[in-house]
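Chemist: Put together the whole structure using the sequences plus the hints.
Residue numbering for the sequence shown follows our numbering, beginning at 1 and increasing consecutively.
I should point out that these hints are in silico values taken from the structure, not numbers from a laboratory. Just so you know, not all the hints are guaranteed correct.
Simulated restraints, written as ranges between beta carbons of each label pair [what the hints assert, rightly or not]: (1) G101 <-> S60: 19 to 25 Å; (2) P10 <-> P119: 43 to 49 Å; (3) G64 <-> A14: 16 to 22 Å; (4) V90 <-> Q123: 15 to 21 Å.
Yeah, the Cβ is synthetic: ideal placement off N, Cα and C, and Gly gets one too.
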Amino acid sequence: MLVYDFIRVPLPIARVRHRLLAAVNGLWQHVAEAAYDEGEDLLGRVGPFGPVPGLSKAVSMRVGNARDRGEGFVIPLQWSATGPTELFPVMLADLEITPLGADESQLRLSGSYDPPLGPIGRQLDRLLLHQLAEATVRALLGQLVAALLKDPASQRGPGL
Numbered sequence: 001m002l003v004y005d006f007i008r009v010p011l012p013i014a015r016v017r018h019r020l021l022a023a024v025n026g027l028w029q030h031v032a033e034a035a036y037d038e039g040e041d042l043l044g045r046v047g048p049f050g051p052v053p054g055l056s057k058a059v060s061m062r063v064g065n066a067r068d069r070g071e072g073f074v075i076p077l078q079w080s081a082t083g084p085t086e087l088f089p090v091m092l093a094d095l096e097i098t099p100l101g102a103d104e105s106q107l108r109l110s111g112s113y114d115p116p117l118g119p120i121g122r123q124l125d126r127l128l129l130h131q132l133a134e135a136t137v138r139a140l141l142g143q144l145v146a147a148l149l150k151d152p153a154s155q156r157g158p159g160l
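Modeler: Below, the structure is given as structure tokens:
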């Protein structure tokens, strides 16, 4: 299944690049965990099963090497929940960062995943779980923007 979302960041691309690539204070892991928690809360509100004991909330985010693309850059991501691997898909995605003028940037995430559990999982994905994946991607982008906008004085680097 494919997922796509985008969000604006009121920062110039040079600052976004520095902050994302510096990965200050475990930024990526914190953002992934917070986005997963938000997505899980959505499932609890709309899902037919409610909370399921024994399923892990812990997530792992692998961040690949950034590559330049035009005026922007792309960061490959692999995002997965830890725990029972047969119950959770792995998302492979590209986070593309592009300038929107001198003082604003855009984060775009394009990703894909294969629903677990074969035909039953694909049906559940069509009925409900794809909405959870979309909400989780939206939460990830929101968490990234919040992290990028934190007080620059707490981040290392002159003027960034």
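Chemist: Give a verdict on every hint.
Modeler: Each hint tested on the structure:
In this structure, G101 and S60 break the distance hint of 19 to 25 Å, their C-beta atoms being roughly 35 Å apart. The hinted range of 43 to 49 Å is satisfied by P10 and P119, whose Cβ atoms lie roughly 45 Å apart. Separated by about 21 Å at the C-beta atoms, G64 and A14 satisfy the suggested range of 16 to 22 Å. In this structure the supplied range 15 to 21 Å holds for V90 paired with Q123, their Cβ-Cβ distance being about 20 Å.
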